[in-house]
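J.: Top to bottom, those sequences are chains A and B.
With our numbering, letter number 94 in the first sequence gets 94, and the count goes up by one each step, no holes.
With our numbering, letter number 50 in the second sequence gets 50, and the count goes up by one each step, no holes.
Derived by calculation from the structure, the hints in this document are not laboratory data.
A virtual CB, placed ideally from N, CA and C, is assigned to each residue, including glycine.
Be careful, since some hints might not be right.
[Said to hold, decoys possible] Derived list of chain A stretches under chain B, where covered just means 3 residues or more per stretch with a C-beta under 8 Å from a C-beta of chain B:
(1) 11-21
(2) 55-68
(3) 79-92
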Amino acid sequence: MSTFQKGTVPTQPYKEPTPLPDHVPKVEELGTTSAPLKSAAFFIGAYCKEYNEDFMLCKAENRDPGHCLKEGRRVTRCATDLINKMRENCLEQFDAHWNCLELNNQEYYRCRKPERTLNKCMFEKLGLTKVIPGTPAGQKPVHEIDSPIFKPIQK
Amino acid sequence: MSIPYRQDMPPPGGFEAVKYKRNLPFRGPGALAILGGITAICTYGFYRLGKGNLEKRELHREKVWSRIHLVPLLMAEGDRDAYRRQQAALAREKEIMKDVKGWVPGSSVYNNPKYHTPEIVIL
Numbered sequence: 001m002s003t004f005q006k007g008t009v010p011t012q013p014y015k016e017p018t019p020l021p022d023h024v025p026k027v028e029e030l031g032t033t034s035a036p037l038k039s040a041a042f043f044i045g046a047y048c049k050e051y052n053e054d055f056m057l058c059k060a061e062n063r064d065p066g067h068c069l070k071e072g073r074r075v076t077r078c079a080t081d082l083i084n085k086m087r088e089n090c091l092e093q094f095d096a097h098w099n100c101l102e103l104n105n106q107e108y109y110r111c112r113k114p115e116r117t118l119n120k121c122m123f124e125k126l127g128l129t130k131v132i133p134g135t136p137a138g139q140k141p142v143h144e145i146d147s148p149i150f151k152p153i154q155k
Numbered sequence: 001m002s003i004p005y006r007q008d009m010p011p012p013g014g015f016e017a018v019k020y021k022r023n024l025p026f027r028g029p030g031a032l033a034i035l036g037g038i039t040a041i042c043t044y045g046f047y048r049l050g051k052g053n054l055e056k057r058e059l060h061r062e063k064v065w066s067r068i069h070l071v072p073l074l075m076a077e078g079d080r081d082a083y084r085r086q087q088a089a090l091a092r093e094k095e096i097m098k099d100v101k102g103w104v105p106g107s108s109v110y111n112n113p114k115y116h117t118p119e120i121v122i123l
């Protein structure tokens, strides 16, 4: 038995074209690439803590993708809000940091200098601080060490 | 021809001293100094290594938490897409199986209301 097959293989993977059902409110996706997300990660964690935790608790309740759409929209809206605020207030520092991450394999320890200016700006303008949970008590958080052992080799 | 008598004498200022002492060049620091020096260097190196391991642990924690903070955001986006595709697949199934009596579109083969990820994924 032979089946009909097209003579060409599609270069793009098949993508379901059906849009989201109408009863689900639309939310614009964040659309930010990995480096800016990594740069903003701790601020997203600080700024959207309640929405994120709400969403994760909802997901713990039920893993069905349809179960937490409402909470998910809130999470996305909050993150979009934060990215917009960052761009309004600290665009220069934000750009410098995520471009540095982009060029340095997205390693935080190689971009401490732009990170510090960004953290400073974020604290002054938006009052958000980078806190790494689980840092041993009485120890300087790793992003604030003055002379770290791991640092970029090329200055 | 007569040569006047002349007593043979040491050179003026006398003979130089006889070199009877062994002339060995300086062979570098002693064994104990080398052993101590290497021990000191190794101790410092291991100290730095330990410090570096502690710092690496913290760097890893930083990286993990940066990802944890992004999980809800990425999962929410993925869920919306998964839901959209799920609904499309359901509509397709409904359309295909509309003539079959007693067919419940989207029903699980397991008698369990708990969600499980689909085994067959149509993108």
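J.: All hints are to be evaluated individually against the structure, with a verdict given for each.
T.: Status of the hints after comparison with the structure:
{"no.": "1", "hint": "11-21", "result": "holds (count 8)"}
{"no.": "2", "hint": "55-68", "result": "holds (count 10)"}
{"no.": "3", "hint": "79-92", "result": "violated (count 1)"}
Checked against the numbered hints given earlier, this structure breaks only hint 3.
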